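**Student:** Sequence:
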Amino acid sequence: MDKYDLYQLCVQLPETDIAVLCAIHAWFANRQSVASHPLVFSDEFAGPGALARQWVKAVTDSHAFAIDADPEPLERAYDIERVTPVCANVMDVHEKADIIAGLNFAICEWHARSDLLAYLKHARSRLLPHGFFACDLYVGSDSLMTGEIVQQFAGPDGEDIEYCWEQQHVDLLTNRVQNALHFVVTKSDGAVTEFPSAFEYDWRLWSIVELRDAMHEAGFAQVEVFVRDEIALDDNGDVHVVPASFAEDLDESDQVLVCATA
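Position one of the sequence shown corresponds to residue 0 (numbering that gives the first Met the number 0), numbered consecutively onward.
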């Protein structure tokens with residue numbers, strides 16, 4: 000296993016994310032009194048393209064773009080039917096989609112508001128009719144504190160995997176944070192492989208209100224916030240989403256999807 004395998008196993012939830020994004024598309028479509036049949040998906044800052052690959056598995060006759068400036072992780076998205084890898088800066092990509100998603104806090108790669116605004120305008124220009132743009136944030140009083148979250152996972156061949164998300168530094172004057180992901184893999188024979196600082200991030204942690212205001216300024220007509228922990232799954236396996244209405248809907252430490260329609 001390499002660090003990209005570990006990232007997909009421990010960090011990403013592509014099946015859940017795609018189901019949630021489809022449910023949000025249906026929610027917006029219902030409010031607009033239009034049919035919800037999203038077919039084209041754009042996986043922004045895609046890395047290994049896990050969301051793009053899951054999209055074509057989950058949605059019949061669909062197509063997905065996996066966009067990333069780094070060719071190394073993007074290699075995993077090649078030779079997948081109906082997935083088009085695009086190795087480029089997202090600002091240089093013009094393919095249109097029903098859903099454009101930059102998850103795993105990729106929106107925080109934009110440090111300056113002017114750059115954030117330029118990207119949001121560009122993303123809006125790429126939306127197909129009745130489509131929406133989605134990104135996620137971690138919010139609450141805990142979001143601007145240093146610390147670690149450690150989780151245990153089982154590998155595909157019986158490995159024990161320790162995954163540590165560490166927020167190493169916080170600048171309260173700028174909301175800039177430095178984060179790192181660490182992995183320790185222990186095989187069944189006891190062999191241990193460590194991946195210290197396998198991924199490192201320098202983010203500008205945007206607040207919900209900052210992002211919502213920027214989305215409106217970029218021309219988006221409607222912006223809604225969905226709390227990940229409030230997304231429900233019924234007995235039939237269908238996902239149900241309802242946007243947050245009050246501050247009380249958010250906890251001290253939450254992850255949210257901020258979604259906007261053109």
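Incorrect hints may have been included.
[As the list claims (entries may be wrong)] Within a straight-line C-alpha distance of at most 25 Å, the following computed BS3-like cross-link-like pairs (lysine-lysine) qualify:
| # | residue 1 | residue 2 |
| --- | --- | --- |
| 1 | K56 | K2 |
| 2 | K2 | K186 |
| 3 | K120 | K95 |
| 4 | K56 | K95 |
[Stated by the list, open to error] Here are the computed distance ranges between Cβ atoms for each label pair:
| # | residue 1 | residue 2 | range |
| --- | --- | --- | --- |
| 5 | Q167 | G139 | 27 to 33 Å |
| 6 | G157 | A34 | 21 to 27 Å |
| 7 | Q31 | E74 | 34 to 40 Å |
| 8 | Q31 | Q150 | 26 to 32 Å |
None of these hints come from the bench; they were simulated from the model. Quantities reported herein were computed from a predicted structural model and do not represent experimental measurements. We put the CB at the ideal spot given by N, CA and C, even for glycine.
**Student:** Given the range 27 to 33 Å, decide if the beta-carbon distance of Q167 to G139 lies inside it.
**Tutor:** Violated: the Cβ-Cβ distance is about 19 Å, outside 27 to 33 Å.
**Student:** Under the criterion that the straight-line Cα-Cα distance not exceed 25 Å, is the pair K120, K95 satisfied?
**Tutor:** holds, 13 Å
**Student:** Take a look at whether the Cβ-Cβ distance between Q31 and Q150 falls inside 26 to 32 Å.
**Tutor:** Since Q31 and Q150 have Cβ atoms about 38 Å apart, the given range 26 to 32 Å is violated.
**Student:** Sort out whether K186 lies within 25 Å of K2, counting only the CA atoms.
**Tutor:** holds, 15 Å
**Student:** Do the alpha carbons of K56 and K2 lie within 25 Å of each other, as the hint requires?
**Tutor:** Given that 25 Å is the threshold and the Cα spacing comes to 24 Å, the pair holds.
**Student:** Within 21 to 27 Å or not, the Cβ separation of G157 and A34?
**Tutor:** violated, 45 Å
**Student:** Mind checking the hinted window 34 to 40 Å against the Cβ distance between Q31 and E74?
**Tutor:** Taking Cβ atoms as reference, Q31 and E74 lie about 38 Å apart, which means the hint holds.
**Student:** Quick one, are K56 and K95 close enough, alpha carbons at most 25 Å?
**Tutor:** holds, 20 Å
The structure fails hints 5, 6 and 8 (numbered hints given earlier, in ascending order).
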